[in-house]
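Protein chains: 2
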Amino acid sequence: MTYNFNAGPATIPATVMERARGEFIDYANCGYGIIEASHRSAEFEEIIARAEGNVRELTGIGDDFAVLFLQGGASTQFAMIPMNFLPPDRTAAYVDTGLWSGKAVKEARKIGHVAVVAGTADADYDHIPELPAGTVATDAAYLHITTNNTICGTQYQAVPEVPDCVPLFADMSSDILSRPLPFESFDLVYAGAQKNLGPSGVTLVIVCRDLAESGAANLPSMLDYRTHIKGDSLYNTPPTFAIYMMALVTDWICEQGGLSAVAEVNRRKAADIYGCIDHDGFYRGRARTDSRSAMNVCFNLPTAAQEAAFVEAAAASGLIGLKGHRSVGGIRASIYNGMPPAGVNALVDFMQEFRRSQG
Amino acid sequence: MTYNFNAGPATIPATVMERARGEFIDYANCGYGIIEASHRSAEFEEIIARAEGNVRELTGIGDDFAVLFLQGGASTQFAMIPMNFLPPDRTAAYVDTGLWSGKAVKEARKIGHVAVVAGTADADYDHIPELPAGTVATDAAYLHITTNNTICGTQYQAVPEVPDCVPLFADMSSDILSRPLPFESFDLVYAGAQKNLGPSGVTLVIVCRDLAESGAANLPSMLDYRTHIKGDSLYNTPPTFAIYMMALVTDWICEQGGLSAVAEVNRRKAADIYGCIDHDGFYRGRARTDSRSAMNVCFNLPTAAQEAAFVEAAAASGLIGLKGHRSVGGIRASIYNGMPPAGVNALVDFMQEFRRSQG
Chain Y
24 MTYNFNAGPA
34 TIPATVMERA
44 RGEFIDYANC
54 GYGIIEASHR
64 SAEFEEIIAR
74 AEGNVRELTG
84 IGDDFAVLFL
94 QGGASTQFAM
104 IPMNFLPPDR
114 TAAYVDTGLW
124 SGKAVKEARK
134 IGHVAVVAGT
144 ADADYDHIPE
154 LPAGTVATDA
164 AYLHITTNNT
174 ICGTQYQAVP
184 EVPDCVPLFA
194 DMSSDILSRP
204 LPFESFDLVY
214 AGAQKNLGPS
224 GVTLVIVCRD
234 LAESGAANLP
244 SMLDYRTHIK
254 GDSLYNTPPT
264 FAIYMMALVT
274 DWICEQGGLS
284 AVAEVNRRKA
294 ADIYGCIDHD
304 GFYRGRARTD
314 SRSAMNVCFN
324 LPTAAQEAAF
334 VEAAAASGLI
344 GLKGHRSVGG
354 IRASIYNGMP
364 PAGVNALVDF
374 MQEFRRSQG
Chain L
24 MTYNFNAGPA
34 TIPATVMERA
44 RGEFIDYANC
54 GYGIIEASHR
64 SAEFEEIIAR
74 AEGNVRELTG
84 IGDDFAVLFL
94 QGGASTQFAM
104 IPMNFLPPDR
114 TAAYVDTGLW
124 SGKAVKEARK
134 IGHVAVVAGT
144 ADADYDHIPE
154 LPAGTVATDA
164 AYLHITTNNT
174 ICGTQYQAVP
184 EVPDCVPLFA
194 DMSSDILSRP
204 LPFESFDLVY
214 AGAQKNLGPS
224 GVTLVIVCRD
234 LAESGAANLP
244 SMLDYRTHIK
254 GDSLYNTPPT
264 FAIYMMALVT
274 DWICEQGGLS
284 AVAEVNRRKA
294 ADIYGCIDHD
304 GFYRGRARTD
314 SRSAMNVCFN
324 LPTAAQEAAF
334 VEAAAASGLI
344 GLKGHRSVGG
354 IRASIYNGMP
364 PAGVNALVDF
374 MQEFRRSQG
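Protein chains in written order, with my numbering: chain Y, 24 to 382; chain L, 24 to 382.
FYI, nobody ran anything at the bench for these hints, they're computed from the structure. Small disclaimer: the values here were computed from a predicted structure and weren't measured. Treat the hints loosely; a few may be bogus.
Where chains are identical, the list cannot tell them apart; a pair therefore holds if satisfied intra-copy or between any two copies.
When the alpha-carbon atoms are kept at most 16 Å apart in a straight line, the in silico EDC-like pairs for lysine to aspartate or glutamate are as follows [as the list claims (entries may be wrong)]:
| no. | residue 1 | residue 2 |
| --- | --- | --- |
| 1 | K253 | D233 |
| 2 | K126 | D247 |
| 3 | K129 | D247 |
Isolated chain Y (complex conformation) (with noise of 0.2 Å):
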């Protein structure tokens, strides 16, 4: 057996995947795959309706927000959102917490002018700041946060307090749907699929309607999300297959019992990889305590050697992409969604036997 720890594209649920394979040449009986069928075909349009309706049942966003099925990942939208919702003459409020928090600042900066409101690269990102009262002006023209850093394995344990009149973002590329959040604080989400949802090729994006129709004049067409919602996310050739795989994690998440169910599993699994971290210092989680990542876990051995070595011995034993981020090194397991608990008693019992080889 083979468990995939990597950090995106990363583990399917196998349901999920048995079936894909058991209809990937002959769709519902019409003689072709889904792969090969219109976007516009009835088959197709039953699909990305039901993503949709998977997306808005799990959250429980009202129909003054729209769902969109788009292309480019998060880091298209690091560009897209400044270009739509950042004037010229208005101020963004991002918090700095790791390496995609920065690319997002990097982009909305060549667009106009930004506030890194709160971070922790000084602390190397090993946790979540506050952000007390007064931290983000009340002109802002929106706060981007990050839910869930995958390089440092830190996650935002609540949604953070914003003064009411500025429009709330949020990056949950490496965390959507894994959890119960009150997405309705939030004005705009977005997520590359390739985690928690699906494969790689597609990007969520939940945006309240009335913000859409607030951005910018003249934009192209395909960074305008005006567009988009206008189209039903068909305005162009969407990735077809990507969404059909959305609909399929989707359905699984519903019939897991959604985000509440998911949830507990999430922070079970993690909690037993962190009681390991936990047990006498061998192995050194990354994170704070307060800021820990249900769906990254990632830790340090005591030496370079040792952490090489356990990569190594860990995929001779079936348990791969276990290597950290390059920037960071060390280990990283990600556990979104997909994984199964099977695969987390798989990687926990392989610390402790390999904590007990290091004497």
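Position chain L relative to chain Y; hints supplied.
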């Protein structure tokens, strides 16, 4: 047996579909599917290198060209091209041969000055215009053409002559790698994959490296060709499964004997349908004979009622997706690389039978 004549996403070669299904859950014995594999894994690196190698082998381009796998489809290229290559003090030349050319023009006009130097709107886009010497100003920023037009079924039969100093750009979304072309005559070629190369969700771009280096400064990273050249299409997480499918489809093109071989098959497929159209005047081809597309065969029947009956009866016989684009009506048979000759034979048989049934 079902044959899918949709304009795209479209039929993928049966052997490719079988192979993808066979290894969907367990790719190369790694214990998981390629759709779940990290884009930094050895498995995926081999795949993207193979896709690039196939494109290089089939097109014969040299190392002065980069091969990129991007997201966002041709519609994103419509904006990205002028953002990179249309300075405020220059004018870009466009040839208008249909709806998609028109969209390219519309997006370019948001960025800078555009001259539509030739077009066939006043002839209902029924042919490809001549471009006599002097049509394109020698100081044009570039000339943009659309090599195949899906809606009216026209196709450039040869690469147009352009002043040496004017870069030639082509949207080849609907005929890329369907025939040999002097690809080095183009400075930038782009194509959504979903017609000749695989599934939707990945855009092939072939761009002259020197041209890319000359692009505008301070662009959003995702909209700057240099970003993707520098990152070998891995600046951000690419659409891995779509690229995998493109690797398989281009493997298949190579196995068929390359572009000359697939072009000969494509030519015969088209000739069979056009032969049926030219038989007795019941079917009327939409495109002028000198501009006929080998990819999209568009035609009319005597009445709209007969066209509706044709589409319905064809679908009942397993020939689906034959309805013309909503903007023009009529019938459209899209017969890209992946459509087997047997599908075209079945269509021709059906056309003859339907013709007889109409007295």
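Among the hints numbered above, which are violated by the structure, and what are their numbers in rising order? Of the numbered hints, all hold.
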